[in-house]
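Asks: For reference, the chains in residue letters:
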Amino acid sequence: MKPIRRTGGRPGSPRDEWAATPMTLRARLVVTRPRFRLDVDLTVVPGQVVALLGPNGAGKTTALRALAGLTALDDGHITLDGRPLHTLAAEHRPIGMVFQDYLLFPHLSALDNVAFGPRCHGAQKAEARRTAAAWLRRVGLAEHASAKPRQLSGGQAQRVALARALAAAPRLLLLDEPLAALDAHTRLEIRSRLRRHLADFDGATVLVTHDPLDAMVLADLLVVIENGSVVQRGTPAEVARRPRTDYVARLVGLNLYRGAATGPHVTVGELRLSIAEPLDGPAFVAFAPSAVALYRTRPDGTPRNLWQATIEGMERHGDNVRVHLEGPIAASADVTPAAVADLDLTPGQRIWASVKATETHAYPA
Amino acid sequence: MFRRLSRWAVTAPLAFTLAAALSGCGSSTPATTSAAPSSSSGGATTVTVFAAASLTGTFTELGKTFEAANPGTSVKFNFGSSATLAQQIVQGAPADVFAAASPATMKTVTDASLAAAPTTFVRNKLQIAVPADNPAKVDDLKDLADPKVKVALCAAQVPCGAAAAKALEAAGLKVTPVTLEQDVKATLTKVELGEVDAALVYRTDVLASAGKVKGIDFPEADKAINDYPIAALSKAPAPEAAKKFVDLVLSPQGKDVLTKAGFEAP
Amino acid sequence: MTPPTAETGRDGAKSRSGRTGGVVGRPPWVLVLPAVAGAAFLVLPLAGLLVRAPWSTMAVRLAEPQVLQALRLSLVTATLATFICLLLGVPLAWLLARAVFPGRRLLRALITVPLVLPPVVGGVALLLVLGRRGLVGQWLDAAFGVTLPFTTAGVVVAEAFVAMPFLVISVEGALRAADTRLEEAAATLGASRWTVFRRVTLPLVAPGIMAGAVLCWARALGEFGATITFAGNFPGQTQTMPLAVYLALETDPEAAIVLSLVLLTVSVVILASLRDKWTSTS
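Residue numbers (the working numbering), protein chains in the order written: chain A, 1 to 365; chain B, 366 to 631; chain C, 632 to 913.
Just so you know, the hints here were simulated from the structure itself, not pulled from any lab data.
Keep in mind that the hints are not guaranteed to be accurate.
[Claimed, not checked] From the structure, some residues in chain C lie toward chain B, with a derived Cβ separation under 8 Å:
hint, residue
1, Leu758
2, Arg763
3, Arg764
4, Val777
5, Pro780
6, Phe781
7, Thr783
8, Gly863
9, Phe865
10, Thr869
11, Leu878
[As the list claims (entries may be wrong)] No more than 25 Å apart at the CA atoms, straight line, and that leaves these computed lysine to aspartate or glutamate pairs for DMTMM-like:
hint, chain 1, residue 1, chain 2, residue 2
12, B, Lys577, C, Glu814
13, B, Lys531, B, Asp612
14, B, Lys550, C, Asp883
15, B, Lys620, B, Asp592
16, B, Lys539, C, Glu695
17, B, Lys490, B, Glu629
18, B, Lys608, B, Asp621
19, B, Lys502, C, Asp772
20, A, Lys148, C, Glu814
These figures come from a predicted structure and were not determined experimentally.
Quick reminder that beta carbons are idealized off the backbone N, C-alpha and C, glycines included.
When you get a sec, could you build the whole thing from the sequences and use the hints?
Replies: Spelled out as structure tokens, the structure:
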């Protein structure tokens, strides 16, 4: 990791010089590595939570570390309300960061961990501890103030880490996979608590996750990053409705295809699909697995979108069975276990699949 | 780290080893030494000579002479503080000849019945050694008593220290040295490096230093002359060769080498 | 993370080894036998000293002023030397472990030189630099009238010289093993590099520093060659226990044994009273 060097800007701006008003983050993050280049731009307004979503190795954590000042930028800028941040070392940026492993200081109690930030900014020990105690109350851990990190459960440690980051009164909150280290059950509870705390935080928040549910629940805006570049940006609802890459589609559980639209049809490979609203030009077509119907013999009736597929595999998916199909288009279909039995579905079997035009969603690519 | 490790699994072997070793001890006489590797039948003979540090130069030369005169024989030297060497011999070190820097250190060996009839072969006189440029302008023995002058002496347990103490007593002087070195060579080194302004060492050491230090004679040195005895050891592994070496040292040839180095005839 | 539960032995009773855990079952003899041999190798010479000690005259000998003088000097100088090593060695270890600069590998190699150098040679080297006519020493003498040879301060310098590499290597190892991510976390909270060092790094490597200091102290206590060469030998001022032992050996081995036993007893008592966690580097 290259050490951060001050390249300019106001020398030694202490964090206290940042006004207490909430600030807008504008950043363009360029980091080059031997086989990888990150080039992402972000804008986050005060109170907004932006989630960086993407597969492993996409560069999300690199982007977050660049915002924190732990990784040097090779190009680009970071500004809070116009004031440059990228020229400052990490300790001078008005940030608070929650790490995936929490990284609580093992030799300090929970209270002293949370008080660490205020003390670094010049608060006296007693005053810092009061602030810390207040934050611990807010996250519901007042009675664990004197516990050492190793005595805390995962969920408790996560809350202490959040309190620690917020106690430092940051203008920019950064969270790196904040729920990844928790078991499924704890994650539910912590996720909703986190949502409330983020709602109360008046600064900008950038959160990194690979869990779509975290992104959907916690974020106001999603920025999907693949291979170092932004491939899609939008509210969670928009992204879920109109995924633009396979990754996102898989994430939100949709079948996604790219083709050429000519009016009421979209041609995807060899297949011509009828769509609900007419469109022209390069287009995406998406439909949910639950919209796919399967038949042993070629059916009559309204479905225009019909093709013959081979069953490649099946797996349980919640209460249903997800059937993976190969054919002119690869698709996933959700059917009930009863249907599997009725149709006597087995891998390798030829089967007919159809989806109603009204259940497809087409949009410009 | 091992749960429920039987205590005895570890302490038993340890205790046994300890007991076995200690049962071999008891009296304070040292164990007998194994025979030193030397034979006089056809193979090469080695004569091991333990000699005081101040004899380093002269004896090395005599050793070469001995080897040349006695082909097939090699001489091995162990130079050091006479007191230490005497202790080593008493503890069983395999030596053939012992040349000490004082009768007292030789007495240690004769008391242990390891040498008979030592002969004094040279005498060594003390001198004041000062660095070549004599920064403290030392002229005679009483200058050493000046507290501004840094003096190095040999420790009282070593021969040159005992001689120094006798000489100073004879002069009625009280000298507080900054250091008491464990042998005369170390004392001389301090002078050579200029760390001290003066030291009491042997005349032979001053001569051997070849100009790095200057020597100053003083009358009281005659009151504290060290006799150097030499003896072939009774438990010598190579007794014939040992006797021959002693003879060489006592011969006119040997005396010549020694007097050239600054020793006095006995 | 669930709180630790008390371990129970196979038979249901609480095990005395508690939370150190470890391998259950009997240890392999392949390991125990060499381990016992190793222990015997180190312990038997000490046993030899105990057996040959002149117990009958022990009380008289112990009362001699020289004994206490040498012991006190040894303990004081070793402790002072350890403080100096900590003051200079910990920052040096930090530099070697964390900073990146050209020649770092060379510097690390040079720092281990006192370990390889025969102590007497180390003493001579110190004389050449800090002696009365040394490179730095002559300036010290001219400007401040300070000379180090033949003084107690000189003893401390000699001991620190030979013992510092132990501390530096120990602490550097501990620093390398420490988690730097915690330092990153501290930086994001606003801690300057000095604050990070003081409040995060140091507490985390404290056991490693302590272990290094113990090694350093033990080495300083036993130092002979550099001390006698650089600082000389004078009772009360520069005659530490090892020097006293060596000189006693020349004429009176029994006195030497008594002195050695005193040094041994004091060292063993001090080292054994240190808590276990301070004597391991992990």
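Asks: For each hint, tell me whether it holds in the structure or not.
Replies: Here is how each hint holds up against the structure:
About 6 Å separates the beta-carbon of leucine 758 of chain C from the nearest beta-carbon of chain B, less than 8 Å, and the hint is met. The criterion of a C-beta within 8 Å of any C-beta in chain B is met by arginine 763 of chain C, whose closest approach is roughly 5 Å, and the hint holds. For arginine 764 of chain C, the interface hint holds, the least distance from its beta-carbon to any beta-carbon of chain B being 4 Å, beneath 8 Å. Using the Cβ-Cβ criterion of 8 Å, the hint placing valine 777 of chain C at the interface with chain B is not satisfied: the shortest such distance is roughly 14 Å.
Annotation: interface hint on proline 780 of chain C holds; nearest CB of chain B at approximately 5 Å, less than 8 Å. Taken as an interface hint, phenylalanine 781 of chain C checks out: its beta carbon lies about 4 Å from the nearest beta carbon of chain B, inside 8 Å. With a least beta-carbon distance of about 12 Å to chain B, the hint placing threonine 783 of chain C at the interface is violated under the 8 Å criterion. Nearest Cβ of chain B to the Cβ of glycine 863 of chain C: about 3 Å, under the 8 Å cut. The hint holds.
At its closest, the beta carbon of phenylalanine 865 of chain C sits 5 Å from a beta carbon of chain B; the interface hint therefore holds under the 8 Å criterion. Given the 8 Å rule on beta carbons, the hint for threonine 869 of chain C holds: about 7 Å separates it from the nearest Cβ of chain B. The interface hint given for leucine 878 of chain C holds, since its Cβ lies 6 Å from the closest Cβ of chain B, which is under the 8 Å cut-off. Distance hint between lysine 577 of chain B and glutamate 814 of chain C is unfulfilled; the C-alpha atoms sit about 58 Å from each other, more than 25 Å.
This hinted pair does not check out: lysine 531 of chain B and aspartate 612 of chain B have alpha carbons roughly 31 Å apart, beyond 25 Å. Restraint check for lysine 550 of chain B and aspartate 883 of chain C: the C-alpha separation of about 22 Å stays at or below 25 Å, so the hint holds. Among the hinted pairs, lysine 620 of chain B with aspartate 592 of chain B is consistent with the structure: their alpha-carbon atoms are about 14 Å apart, no more than 25 Å. As the CA atoms of lysine 539 of chain B and glutamate 695 of chain C are separated by approximately 23 Å, the hinted pair is consistent with the 25 Å bound.
Proximity of lysine 490 of chain B to glutamate 629 of chain B is assessed by CA-CA distance (about 8 Å); at most 25 Å being required, the pair is judged to hold. Proximity of lysine 608 of chain B to aspartate 621 of chain B is assessed by CA-CA distance (about 19 Å); at most 25 Å being required, the pair is judged to hold. Distance check on the hinted pair: lysine 502 of chain B and aspartate 772 of chain C sit about 18 Å apart at the alpha-carbon level, within 25 Å; holds. For the given pair, lysine 148 of chain A sits about 18 Å from glutamate 814 of chain C by alpha-carbon distance, which is consistent with the 25 Å threshold.
Violated hints, listed in ascending order, are 4, 7, 12 and 13; each of the other numbered hints is respected by the structure.
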